[in-house]
Amino acid sequence: EAAVTQSPRNKVTVTGGNVTLSCRQTNSHNYMYWYRQDTGHGLRLIHYSYGAGNLQIGDVPDGYKATRTTQEDFFLLLELASPSQTSLYFCASSVDRDNNYAEQFFGPGTRLTVL
Amino acid sequence: GDSVTQTEGQVALSEEDFLTIHCNYSASGYPALFWYVQYPGEGPQFLFRASRDKEKGSSRGFEATYNKEATSFHLQKASVQESDSAVYYCALSERNYAQGLTFGLGTRVSVFP
Chain H
1 EAAVTQSPRN KVTVTGGNVT LSCRQTNSHN YMYWYRQDTG HGLRLIHYSY
51 GAGNLQIGDV PDGYKATRTT QEDFFLLLEL ASPSQTSLYF CASSVDRDNN
101 YAEQFFGPGT RLTVL
Chain D
1 GDSVTQTEGQ VALSEEDFLT IHCNYSASGY PALFWYVQYP GEGPQFLFRA
51 SRDKEKGSSR GFEATYNKEA TSFHLQKASV QESDSAVYYC ALSERNYAQG
101 LTFGLGTRVS VFP
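Protein sequences appear in the order of chains H and D. For the first sequence, our numbering gives the first residue as 1, with consecutive numbering after it. For the second sequence, our numbering gives the first residue as 1, with consecutive numbering after it.
Rather than coming from a laboratory, the hints here were simulated on the basis of the structure. A portion of the hints provided could be inaccurate.
[Said to hold, decoys possible] 25 Å max Cα-Cα, derived DMTMM-like pairs, lysine to aspartate or glutamate: (1) LYS11/H / GLU42/D; (2) LYS68/D / GLU103/H; (3) LYS65/H / ASP2/D; (4) LYS54/D / GLU103/H.
No experiment lies behind these values; they were computed from the predicted model shown.
Required output: the full structure, derived from the provided sequences and hints.
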């Protein structure tokens, strides 16, 4: 089973603060994703990547940057945090399988509060 | 854009009841459809998928059949247990298969002994 870890698990910051959320997967998956989960909106895709140095824009990218430094590590950056970014953030990974829709493996989540 | 609608926001059942969660989708192409389950304090877990019309996906006693005409992928389980209490998400992927999922809002299932 794929292992996806996230840190920190909880984070509180102030409006305008700088936050970095970290994600690591240890199963050599090439695709990684960042989602946010909010009541009334479900899970929404922020950014994703198919390999080190690659970044693709998701459905709700405004206010977020991301960077994939290695195959294992994917970071989400909030450079000027706003209260609207208070949310539960999930990282996920999946493997590239030809002609198949690969399942995504999710981490345990990071709860971010922006005051 | 793509969207997924889950009719039930919450469902309360007794053990051994039959569970149905309705999922309908809107997509311009021919998407793959998924069910995920999320337990408290955890990330969503893949339950199963279907990628073509009339294909049935199943896992752990849950099943759903892809219905392209009705644009539906309803989740069913014949006899629920208390351990099935969780939030269930229907999702689709219309983009190239590894390019992210579009989720429904989720259905909270509570099973009472």
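Holds or violated: LYS11/H with GLU42/D, Cα cutoff 25 Å?
The given pair, whose Cα atoms are some 17 Å apart, holds under the 25 Å limit.
Check whether the Cα positions of LYS65/H and ASP2/D lie no farther apart than 25 Å.
Cα-Cα ~24 Å, so holds.
Are LYS68/D and GLU103/H close enough, with their CA atoms no more than 25 Å apart?
holds, 21 Å
With a cut-off of 25 Å on the C-alpha distance, tell me whether LYS54/D and GLU103/H pass.
Given pair LYS54/D, GLU103/H holds - Cα atoms ~20 Å apart, limit 25 Å.
In summary, this structure violates none of the numbered hints.
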